[in-house]
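K.L.:
Listed below are the residues making up each chain.
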Amino acid sequence: MAGHAEGRQCLAKRLASTFPGKGERKGGVINTISKLTKTCTLRLTVCKLYFILSDKVANGGASMWCELCQGNFFDEFQMEGVAAEHNEIYLELVPENLSRALKTAHSAKAVKIKLTNKHCPCLRVAVELPSLSSSSRIVTHDIPVGVIPRRIWNDFREPTMPDFDVSIYLPVLKIMKSVVERMKNLSNFIVIEANLSGEMNLKIETDLVSVTTHFKDLGNPPWASEDGCQSSAQGRNLESMAEARIDIKKLQQLLAGQQVNPTKALCNIMQRVKRRLKERQWSGDLTFLCLLSLLPSD
Amino acid sequence: MKCVIGGAQLRVFGRAIHAIARISDEFWFDPVEKGLALRSVNSSRSAYAYVFFSSMFFQHYCWTAVSDPCHKEKELSLPCKLIVKAVLPVFRCANVLGRNVEKCSISTSPSDHHITFQLLCKHGVVKTYNLTFQECDPLQAVFAKHMCPNILKVHSRLLADVMIHFPTSQEEITLSVTPVKVCFKSYTEEDTDFSRTMVTEIHLSPEEFDYFQVGVDSEVTFCLKELRGLLAFSEATGVPVSIHFDRCGKPIAFSIEDVLLEASLILATLCEAQKEADSQERCCPQQWGSSETHPDKPSGDEPNSTDISKHPQRDGNAPTNPVAKQEVKSIPRVTGRDVTGRAGTATAEAAGEATEAPYQKFHSLFFGAVSYKEKDATGHTFQSLATASDTEEDLGPLQSSPVL
Chain A
0 MAGHAEGRQC
10 LAKRLASTFP
20 GKGERKGGVI
30 NTISKLTKTC
40 TLRLTVCKLY
50 FILSDKVANG
60 GASMWCELCQ
70 GNFFDEFQME
80 GVAAEHNEIY
90 LELVPENLSR
100 ALKTAHSAKA
110 VKIKLTNKHC
120 PCLRVAVELP
130 SLSSSSRIVT
140 HDIPVGVIPR
150 RIWNDFREPT
160 MPDFDVSIYL
170 PVLKIMKSVV
180 ERMKNLSNFI
190 VIEANLSGEM
200 NLKIETDLVS
210 VTTHFKDLGN
220 PPWASEDGCQ
230 SSAQGRNLES
240 MAEARIDIKK
250 LQQLLAGQQV
260 NPTKALCNIM
270 QRVKRRLKER
280 QWSGDLTFLC
290 LLSLLPSD
Chain Y
0 MKCVIGGAQL
10 RVFGRAIHAI
20 ARISDEFWFD
30 PVEKGLALRS
40 VNSSRSAYAY
50 VFFSSMFFQH
60 YCWTAVSDPC
70 HKEKELSLPC
80 KLIVKAVLPV
90 FRCANVLGRN
100 VEKCSISTSP
110 SDHHITFQLL
120 CKHGVVKTYN
130 LTFQECDPLQ
140 AVFAKHMCPN
150 ILKVHSRLLA
160 DVMIHFPTSQ
170 EEITLSVTPV
180 KVCFKSYTEE
190 DTDFSRTMVT
200 EIHLSPEEFD
210 YFQVGVDSEV
220 TFCLKELRGL
230 LAFSEATGVP
240 VSIHFDRCGK
250 PIAFSIEDVL
260 LEASLILATL
270 CEAQKEADSQ
280 ERCCPQQWGS
290 SETHPDKPSG
300 DEPNSTDISK
310 HPQRDGNAPT
320 NPVAKQEVKS
330 IPRVTGRDVT
340 GRAGTATAEA
350 AGEATEAPYQ
360 KFHSLFFGAV
370 SYKEKDATGH
380 TFQSLATASD
390 TEEDLGPLQS
400 SPVL
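Heads up: the sequence lines are chains A and Y, in that order. Numbering of the first sequence is given in numbering that gives the first Met the number 0, commencing with residue 0 and proceeding in unit increments. Numbering of the second sequence is given in numbering that gives the first Met the number 0, commencing with residue 0 and proceeding in unit increments.
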């Protein structure tokens with residue numbers, strides 16, 4: 000109940016935002032997320048929105064971190080968090096509901112999102128649609144949300160970039176998506192291997208058949224100058240492949256959900272005890288990070 | 000009976016079949032002299048669909064069955080019941096039907112209980128579907144649309160734009176009207192878990208409607224799933240949709256009508272518990288009068304007064320009929336739900352009886368179902384034209400009910 004009381008406190012200070020004409024973009028991000036997961040956490044700060052999924056499943060699970068600058072989506076954005084020094088709000092919601100609410104937002108005159116408390120905390124999305132008459136049509140959707148109490152905010156920290164062995168840019172996502180979709184019919188697991196020479200292979204292997212798709216000249220992002228956490232990558236043989244074996248369905252969901260064309264999409268493979276595969280995508284003003292944890296090889 | 004549907008009209012016909020398919024697993028296929036009628040009712044009697052294609056809709060329409068002099072009584076073109084699942088594949092992909100199929104011919108042969116759908120497609124391909132039908136009693140519903148205080152008329156495009164905001168899993172929605180506003184919202188019961196349910200509301204201005212008449216403020220809740228079929232059909236025809244309704248508990252009718260066809264979907268509405276006090280008066284069974292409510296569209300001859308002794312079931316057409324409608328409608332709606340909380344007194348009474356009995360009782364009241372007895376059947380045959388005129392008088396009362 001303490002969490003609930005805290006929740007009420009931050010609800011009393013409401014969030015109001017309007018973003019005419021930008022709904023489509025945001026809709027795209029939310030559609031992507033809604034395909035990946037049933038529920039996720041929305042973190043609101045003064046300048047950013049984060050969609051977070053922290054999946055505690057060790058083997059084959061996925062976690063996600065998506066960061067957006069509110070200025071790119073909202074014309075007006077007001078937010079007051081729980082307290083001055085914790086000026087943030089964490090909400091648990093079903094992204095599919097939000098995606099559905101914004102379905103017609105692309106043709107809307109205005110879209111307003113408010114955090115209110117009717118029967119329970121909810122996000123009220125009000126879409127003002129043009130109509131044949133002088134007065135507009137108003138569609139309101141009340142999306143129930145759960146307010147996450149401050150004491151567990153620590154669970155939603157940004158994942159630190161783990162030590163990786165190889166970092167490589169992904170091929171055109173559409174191509175990769177169609178390859179993975181066909182492979183999905185043959186096997187449950189896929190092995191991604193890549194090296195520092197811009198080569199990447201997608202492999203599946205079953206008793207009857209093994210299929211490998213080779214990509215080359217993909218390019219490797221230059222991490223050297225950014226931070227010092229790729230010591231394992233330095234001094235590495237350029238030709239040697241680092242591989243990761245992951246659940247093909249999760250990969251396919253991640254690729255299929257992509258409706259935002261990233262300017263850069265890359266994949267970090269870490270072949271270690273912890274073994275995590277990361278796919279990080281940028282499109283200028285939003286960052287989408289998805290970690291797929293590896294499956295143990297046989 | 001034999002008819003031919005041209006390529007352009009196939010899409011419309013296919014959509015009609017799909018709309019009917021949403022109601023029930025089987026439907027009535029009823030060719031009459033003026034055209035072809037399709038009817039369907041769901042198992043709980045809370046939804047009824049009726050589509051009528053006039054003979055002008057078809058490239059060719061011929062009702063006289065090929066006569067076989069030896070089997071006079073078999074010439075009667077009784078309505079037949081078809082299984083929806085058997086007919087749907089014929090009109091699958093209604094949208095592309097018009098492109099690939101040049102025409103579709105439907106013919107019935109009552110003597111061996113066969114109905115044949117034949118699609119003449121491009122490149123000389125002919126698809127023939129032979130289905131058997133069951134003879135059955137006719138199904139007709141009566142609903143006094145003209146007695147509804149609230150009438151809205153709007154193009155199906157607007158309704159489709161409204162319904163798109165509700166998820167396909169949304170079962171029921173509530174339409175709430177006052178003279179100055181219209182609102183569609185997702186229906187939530189008292190015990191809805193709001194922390195899990197998304198609630199959607201759409202507010203429209205009366206100006207958006209082609210015709211807007213609100214005699215009484217009302218809030219009616221009905222099943223959305225069944226309505227979607229009719230909306231798709233209406234979009235294919237381009238004919239605006241009329242909505243007739245009253246207070247909650249009374250049925251709501253969605254209908255379209257033009258020169259070539261007409262269609263109606265009558266849905267039961269929920270009777271809210273808080274309006275129980277009001278509804279108690281309306282739900283009480285009343286005496287059936289003998290005078291008849293004049294229909295807004297008599298389908299045949301001049302309406303005559305009902306002869307009670309001859310057609311006892313038709314007493315359902317009495318002025319109290321709209322009341323009966325409400326009574327009936329309240330009950331079927333509660334199938335599978337908490338009965339007592341829902342529909343007021345009448346429900347509570349019915350619930351006390353055996354499950355089958357109330358449905359049977361209300362079935363006959365609601366539909367004024369006329370079962371053809373043997374002699375009536377022969378009296379009604381096409382060959383009656385040749386007989387004395389008193390047979391036609393018998394026909395009169397039958398034809399004049401506000402049947403749909």
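Please keep in mind that the hints were generated in silico from the structure rather than gathered at the bench. Remember, it's a predicted structure, so these values are computed and weren't measured experimentally. Honestly, I wouldn't trust all of these hints.
Stated by the list, open to error - Derived BS3-like pairs (lysine-lysine); straight-line CA-CA distance at most 30 Å:
{"id": "1", "chain 1": "Y", "residue 1": "Lys184", "chain 2": "A", "residue 2": "Lys108"}
{"id": "2", "chain 1": "Y", "residue 1": "Lys144", "chain 2": "Y", "residue 2": "Lys102"}
{"id": "3", "chain 1": "Y", "residue 1": "Lys152", "chain 2": "Y", "residue 2": "Lys126"}
{"id": "4", "chain 1": "A", "residue 1": "Lys202", "chain 2": "A", "residue 2": "Lys108"}
{"id": "5", "chain 1": "A", "residue 1": "Lys37", "chain 2": "Y", "residue 2": "Lys144"}
{"id": "6", "chain 1": "Y", "residue 1": "Lys180", "chain 2": "A", "residue 2": "Lys117"}
{"id": "7", "chain 1": "Y", "residue 1": "Lys180", "chain 2": "A", "residue 2": "Lys111"}
{"id": "8", "chain 1": "A", "residue 1": "Lys176", "chain 2": "A", "residue 2": "Lys37"}
{"id": "9", "chain 1": "Y", "residue 1": "Lys80", "chain 2": "A", "residue 2": "Lys108"}
{"id": "10", "chain 1": "Y", "residue 1": "Lys224", "chain 2": "A", "residue 2": "Lys117"}
K.L.:
It remains to establish, for every hint, whether it holds in the given structure.
P.N.:
Hints versus structure:
Proposed proximity of Y:Lys184 and A:Lys108 is supported: the alpha carbons are some 21 Å apart, at most 30 Å. Distance restraint check for Y:Lys144 and Y:Lys102: the Cα-Cα separation of roughly 35 Å exceeds the 30 Å cut-off, and the hinted pair is therefore not satisfied. Proximity of Y:Lys152 to Y:Lys126 is assessed by CA-CA distance (about 39 Å); at most 30 Å being required, the pair is judged violated. Between the alpha carbons of A:Lys202 and A:Lys108 the distance comes to roughly 48 Å, so the proposed pair goes past 30 Å and is violated.
For the hint pairing A:Lys37 with Y:Lys144, the CA-to-CA distance comes to about 45 Å; that exceeds 30 Å, so the pair is violated. Distance hint between Y:Lys180 and A:Lys117 is fulfilled; the C-alpha atoms sit about 23 Å from each other, no more than 30 Å. Proposed proximity of Y:Lys180 and A:Lys111 is supported: the alpha carbons are some 22 Å apart, at most 30 Å. A hinted pair counts as satisfied when its Cα atoms are at most 30 Å apart, and A:Lys176 with A:Lys37 qualifies at roughly 21 Å.
For the given pair, Y:Lys80 sits about 50 Å from A:Lys108 by alpha-carbon distance, which is inconsistent with the 30 Å threshold. This hinted pair checks out: Y:Lys224 and A:Lys117 have alpha carbons roughly 28 Å apart, not beyond 30 Å.
Hint compliance for this structure: hints 2, 3, 4, 5 and 9 are not met, and every other hint is.
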